[in-house]
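For the protein sequence lines, the chains are A, B, C and D, in the order given.
Numbering follows the numbering used here, in which position 145 of the first sequence is assigned residue number 146; successive positions increment by one, without gaps.
Numbering follows the numbering used here, in which position 164 of the second sequence is assigned residue number 165; successive positions increment by one, without gaps.
Numbering follows the numbering used here, in which position 63 of the third sequence is assigned residue number 64; successive positions increment by one, without gaps.
Numbering follows the numbering used here, in which position 140 of the fourth sequence is assigned residue number 141; successive positions increment by one, without gaps.
Take the hints with a grain of salt, since some may be wrong.
Copies of the same chain look alike in the list, so a pair counts if it works inside one copy or between any two.
Claimed, not checked - Calculated lysine to any residue pairs in the SDA-like style (CA-CA distance at most 25 angstroms, straight line):
| hint | residue 1 | residue 2 |
| --- | --- | --- |
| 1 | Lys132 | Ser109 |
| 2 | Lys132 | Arg31 |
| 3 | Lys25 | Asp130 |
| 4 | Lys25 | Glu112 |
| 5 | Lys132 | Arg56 |
| 6 | Lys25 | Ser67 |
| 7 | Lys144 | Asp130 |
| 8 | Lys132 | Ala60 |
| 9 | Lys132 | Gly110 |
| 10 | Lys132 | Met113 |
| 11 | Lys132 | Gln75 |
| 12 | Lys25 | Met113 |
| 13 | Lys132 | Leu59 |
| 14 | Lys25 | Leu152 |
| 15 | Lys132 | Val57 |
| 16 | Lys144 | Glu128 |
| 17 | Lys144 | Glu33 |
| 18 | Lys25 | Ser126 |
| 19 | Lys132 | Gln34 |
| 20 | Lys25 | Ser36 |
| 21 | Lys132 | Thr58 |
| 22 | Lys25 | Pro68 |
| 23 | Lys144 | Leu127 |
| 24 | Lys25 | Ala108 |
| 25 | Lys132 | Asp107 |
| 26 | Lys25 | Gln50 |
I should point out that these hints are in silico values taken from the structure, not numbers from a laboratory.
Number of protein chains: 4
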Amino acid sequence: MGSGAFTLALVLALSTCVTPVERKLSGLWRNEQDSLMEISALADDGGFQGEYLTRVTLAGGCTRISPLRGAQQQPSEVAWPTFAFTVWWDTFSNATTAFAGQCFVDASGREMLSTTWMLREAVGSLEEDWKATRVGRNVFTRKRTPKGKILHSLSPSCEDAALPVL
Amino acid sequence: MGSGAFTLALVLALSTCVTPVERKLSGLWRNEQDSLMEISALADDGGFQGEYLTRVTLAGGCTRISPLRGAQQQPSEVAWPTFAFTVWWDTFSNATTAFAGQCFVDASGREMLSTTWMLREAVGSLEEDWKATRVGRNVFTRKRTPKGKILHSLSPSCEDAALPVL
Amino acid sequence: MGSGAFTLALVLALSTCVTPVERKLSGLWRNEQDSLMEISALADDGGFQGEYLTRVTLAGGCTRISPLRGAQQQPSEVAWPTFAFTVWWDTFSNATTAFAGQCFVDASGREMLSTTWMLREAVGSLEEDWKATRVGRNVFTRKRTPKGKILHSLSPSCEDAALPVL
Amino acid sequence: MGSGAFTLALVLALSTCVTPVERKLSGLWRNEQDSLMEISALADDGGFQGEYLTRVTLAGGCTRISPLRGAQQQPSEVAWPTFAFTVWWDTFSNATTAFAGQCFVDASGREMLSTTWMLREAVGSLEEDWKATRVGRNVFTRKRTPKGKILHSLSPSCEDAALPVL
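Next up, chain A with everything else stripped away, as it sits in the complex (with noise of 0.2 angstroms):
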């Protein structure tokens, strides 16, 4: 590929979640485990909120549509910003997660995010604090779909209460 193929590329490349004029962090994610993530349009100082639906549990079971909140680093000079947000499982677990990530465009343009995660649980007492925290990794990619709030239309019905989950 010739420079000039190169610098195409690039530009495409940049136009995608990078620009800080369009902010695409903003859309619908989904990764590895088909966890699905929707953020809202980003704000002036790089706040965003969203919602998370998780396909996997600590204790197995059902789950719920998910507030998530963060923010992106303001990519002044970098060309792939930073974010990190968090997500709290509301009424069916005792777990908070926190996300933090960088997004991409690879070779064939496609939009990534790669994030580590730390999934705190709630233990009984100090003691316990110890084994507390598990961590992992997930990559987000787009998820191309109707216009529309279409994560509420993926909840599932059931109303079991579950436990944590990423």
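Chains B, C and D: place on chain A using the hints.
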């Protein structure tokens, strides 16, 4: 200490960082490295905002007060709520940090926020992604202060750019 | 797939990296970054040694084959044994790495070592200890090769010093 | 403290857990949870063996002395050597643990091993792999004892099986 005294201590403990009604995650906290954070009153859904003033940086240099945003798991049945929040280092860093932890009250009635954090640095390409995430621990204790947003009075006045921080 | 076929597949799987008798953690493995490792036959207590040739470094530069040492949990009742090992980067780095993981066989019969690692850098003082530990993930798959200690034939010939690696 | 006194303190510090000649990682260490480990004399290549007696377990229950194996980075130019080791919980657990850390001497001359660990549990399938790894921190300080392999005298006598531990 008799069981009556113990009950009293427990009640006092529960009246501090634990009680759902009072949501005392709010306030000023200091960690082992003398970094400070101030957390706002919690919203009805557990969400909170705040400010973080770090004392340590990856590259040395001057720091600034940075915004934080997160949520506390609603402590329906759990005595010690978990929480998570993100800090973004705004104009002086290309990194982002996420904390996840749990609030405890130790035997002497001292409130503690036992947290694990990830510090995500921006890297220039997907090939460098493997090395972008640091992990560590911080324990915060409540810092008693005069009323008011004291974090601002503690902010350094320098204007130098600095690198990622905790 | 009928249950007979499933049983057969399971038996095939168990005959690869799982069987206690054969202890097939030994052999040559490659991860996503094209780093290679060669693990010796396991000792009776699960201990093993080997060599690691990284393709990525914290500071760039030339790498050398590095010794590794670890142990596999004795898989008495667990079909998929866990293991952990450490790599030390000898003369070309002041860092140390530890991996912990588990051996799996995926649906297509491919052996995988799913690992999480920590990379510990040396820091100059206790005050810098907070930033010394990176965390990440690596998946290794078996690399088929001609007989012999092939890692040595793949070693770079340069003599330059380099910095920490994975 | 004058610079002369500081130099003296530094020399004293270097004569403890740091000096390459004496290789003082060996000995008996205790962490915040009262777990104990005993590290052998270091081999010429930095390798060491030892034993670990944990006081905490994932599932409660009785523990046994467990073997550990690791290596210290050869501290050619680094005053404070890094190290890593693995512990395997032999017959009473299906988990494996890896530690990575660095040896420090604090201002009062007290030797410390500042470590981060991963605890890898065995899971039943690749689908559960995401939740298998916990992360945490431990600080070990030297425990002064009478001569001899004292860890064995501290071992619990129970014969019950127990689950993963640190």
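Notebook entry, point to check: Checked against the structure, which of the hints given earlier come out wrong?
Noted result: none
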